[in-house]
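Chains A and B are the protein sequences, given in the same order.
When the letters of the first sequence are read in order and numbered with my numbering, they come out as residues 2 to 277.
When the letters of the second sequence are read in order and numbered with my numbering, they come out as residues 397 to 722.
I should point out that these hints are in silico values taken from the structure, not numbers from a laboratory.
Even for Gly, the Cβ is constructed at its ideal location relative to N, Cα and C.
There could be a bad hint or two in this list.
Partial selection, computed: residues in chain A whose CB lies under 10 Å from chain B [stated by the list, open to error]:
id, residue
1, A172
2, A173
3, L189
4, V193
For reference, the chains in residue letters:
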Amino acid sequence: MSIRKIAATIGAVIVLGVAIMAVFAPWLVPHDPFAQDLNLRLVPPSFMEGGQADHFLGTDQLGRDYFSRLIYGARISMLIGVATVITSGLIGITLGMLGGFIGGRADMVVMFIITCRLSIPLILVALAVVSLIGSSLTVVVMTLGLLLWERFAVVTRTTVMQVRNLDYVSAAWAAGCSRTHILLREVLPNIVHHLVVVATLEMAIAILLEAALSFLGLGVPPPLPSWGLMISEAKDYMFFSPWVIMVPGVALFTLVLGINFLGDGLRDMLGATRDA
Amino acid sequence: MSALLEVSGLRVRFNDVAEAVRGVSVQVNKGETHCLVGESGCGKSVSALAVMGLLAKGGIRTADTLSFAGQDLRGLTESQMSRLRGDKMAMIFQEPMTSLNPAYTIGSQMAEVRVRHRGGSKREALDRAAALLGRVGITAPGMRLAQYPHQLSGGLRQRVMIAMALMCDPDLLIADEPTTALDVTVQAQILRLLMELQRELGLAILLITHDLGIVARMAHRVSVMYAGKVVESATAEALFAAPTHPYTNGLLDCVPTPGKVARGAELGSIPGSVPRIPLGFEGCGFRDRCRHATDACTRDIPTQSRIPGHDYACVLPSTWPAEHAR
Numbered sequence: 002m003s004i005r006k007i008a009a010t011i012g013a014v015i016v017l018g019v020a021i022m023a024v025f026a027p028w029l030v031p032h033d034p035f036a037q038d039l040n041l042r043l044v045p046p047s048f049m050e051g052g053q054a055d056h057f058l059g060t061d062q063l064g065r066d067y068f069s070r071l072i073y074g075a076r077i078s079m080l081i082g083v084a085t086v087i088t089s090g091l092i093g094i095t096l097g098m099l100g101g102f103i104g105g106r107a108d109m110v111v112m113f114i115i116t117c118r119l120s121i122p123l124i125l126v127a128l129a130v131v132s133l134i135g136s137s138l139t140v141v142v143m144t145l146g147l148l149l150w151e152r153f154a155v156v157t158r159t160t161v162m163q164v165r166n167l168d169y170v171s172a173a174w175a176a177g178c179s180r181t182h183i184l185l186r187e188v189l190p191n192i193v194h195h196l197v198v199v200a201t202l203e204m205a206i207a208i209l210l211e212a213a214l215s216f217l218g219l220g221v222p223p224p225l226p227s228w229g230l231m232i233s234e235a236k237d238y239m240f241f242s243p244w245v246i247m248v249p250g251v252a253l254f255t256l257v258l259g260i261n262f263l264g265d266g267l268r269d270m271l272g273a274t275r276d277a
Numbered sequence: 397m398s399a400l401l402e403v404s405g406l407r408v409r410f411n412d413v414a415e416a417v418r419g420v421s422v423q424v425n426k427g428e429t430h431c432l433v434g435e436s437g438c439g440k441s442v443s444a445l446a447v448m449g450l451l452a453k454g455g456i457r458t459a460d461t462l463s464f465a466g467q468d469l470r471g472l473t474e475s476q477m478s479r480l481r482g483d484k485m486a487m488i489f490q491e492p493m494t495s496l497n498p499a500y501t502i503g504s505q506m507a508e509v510r511v512r513h514r515g516g517s518k519r520e521a522l523d524r525a526a527a528l529l530g531r532v533g534i535t536a537p538g539m540r541l542a543q544y545p546h547q548l549s550g551g552l553r554q555r556v557m558i559a560m561a562l563m564c565d566p567d568l569l570i571a572d573e574p575t576t577a578l579d580v581t582v583q584a585q586i587l588r589l590l591m592e593l594q595r596e597l598g599l600a601i602l603l604i605t606h607d608l609g610i611v612a613r614m615a616h617r618v619s620v621m622y623a624g625k626v627v628e629s630a631t632a633e634a635l636f637a638a639p640t641h642p643y644t645n646g647l648l649d650c651v652p653t654p655g656k657v658a659r660g661a662e663l664g665s666i667p668g669s670v671p672r673i674p675l676g677f678e679g680c681g682f683r684d685r686c687r688h689a690t691d692a693c694t695r696d697i698p699t700q701s702r703i704p705g706h707d708y709a710c711v712l713p714s715t716w717p718a719e720h721a722r
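Excised from the complex, chain A in its bound form (with noise of 0.2 Å):
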């Protein structure tokens, strides 16, 4: 095995883990991950010095289980991550399928709309949008959602404007397809392999997006436990209890690895079948 598949795999199993805590988490913690015991504050982990056996990474600075709380927060970070990527991923797909596909006019008005996307910062909009209608996870997803879709567009609208003029495209008008037909059933399913890997890469991002607008107090509320919550609750105590801002920031670093490991898998794996 090249250490490219090995990383596709390491980076497959990362993922298939996270997701598996996320969908099964109320099943897999020990504890309740909102249950406070002040008398069990800042507890280390099992594994270092003075930790509890029933605490595996030990409590918070409100004694709630550090175990389960990462636990939940798996699902908090897949869910914004796939939710971002469905929602911004229909924006910029069609956005590029129309703009690549019917050329001219439409074209110069998606450019349009993705450089005024791209001239947008961020995290500025994300905090005005915040304070406008307050942090919920909702409002999180839809603003991500809304503003991560350039990439999705640009690459969307490059391999269209590719595929849109080989052979089977024209084929297919020879074989008297509708323009709708061509578009959806010729083009997409061989630009799909181009889109996988933007996904994988979008849903890195927007992972890592949530966790620095919650570290900014702009993401998830508490007490939801969110990765990058935990991180920016941790802060205040890291000098003398260093584990409660490394193990969310570990786990959210592995997760992200491990999606880009499987996105670059997967590009290798769709781009090599199609050379054959």
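With chain A fixed as given, assemble chain B onto it according to the hints.
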């Protein structure tokens, strides 16, 4: 014989910069193979695409007559046209390697054409696809139906393309250099297949090629195109017996014929290359490359008949080849 496809005065312009087709007239009869011959860039493919209504963006088509099976194609809307395409008029392309969609199996691509135009169940369409694959000489058609294009060789893919074109029993098959991308033995098989199918199904074929060998083998009628015009049109026998336009003569001189061309003798060639024809060009497009060009060639060129049914567009009298005996 009645005309299935009748085209006259077909012109195609692109964005007011170039005129790719300048008044082409072609008539394809039922059960007949009509060859369009010419160099690259002379407007063969564009003419065919214009008939199908598939010109690239910016292409503008005008014609005096453009009728298919008695129906005037000029006034048809896009959706009426797409109902004809793939149904009554089918097309196969030069590159079998890229003409099939890599994302679908052979079976689903073939069945789809049938279901779109004729309705019916996918099951029936797949049965028909299997029968047609068998007809075009593919062994184990059931297995092929489930395969993807990348699992097939070039020759097989072109057979699949032909079978796919036949899914709806078309009256007219437009074949745009169907064998150019194939090696010689496969080429011969495909041509034989096309001839057999034509005899069986009474297909009219508009065959676009630059290969005079294919013309000699396949064609009932030939139209030689040069710079967007048909310069000579005749039955295949008449054309090869007495090529009359200087361009046709030049083309035939380029083909080595065993027994006719002397050992060591230089093979003929036409000096220069196909010129770019600007808008509003007058006279003969071939005059810059023609040995017999005179001042008359800059004016309107008359279409003359050597014998009825053998027309050529040149100022020279039909007896000139004999006078300039080679």
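TODO: Of all the hints given earlier, name the ones this structure violates by number, lowest first.
DONE: No numbers; nothing is violated.
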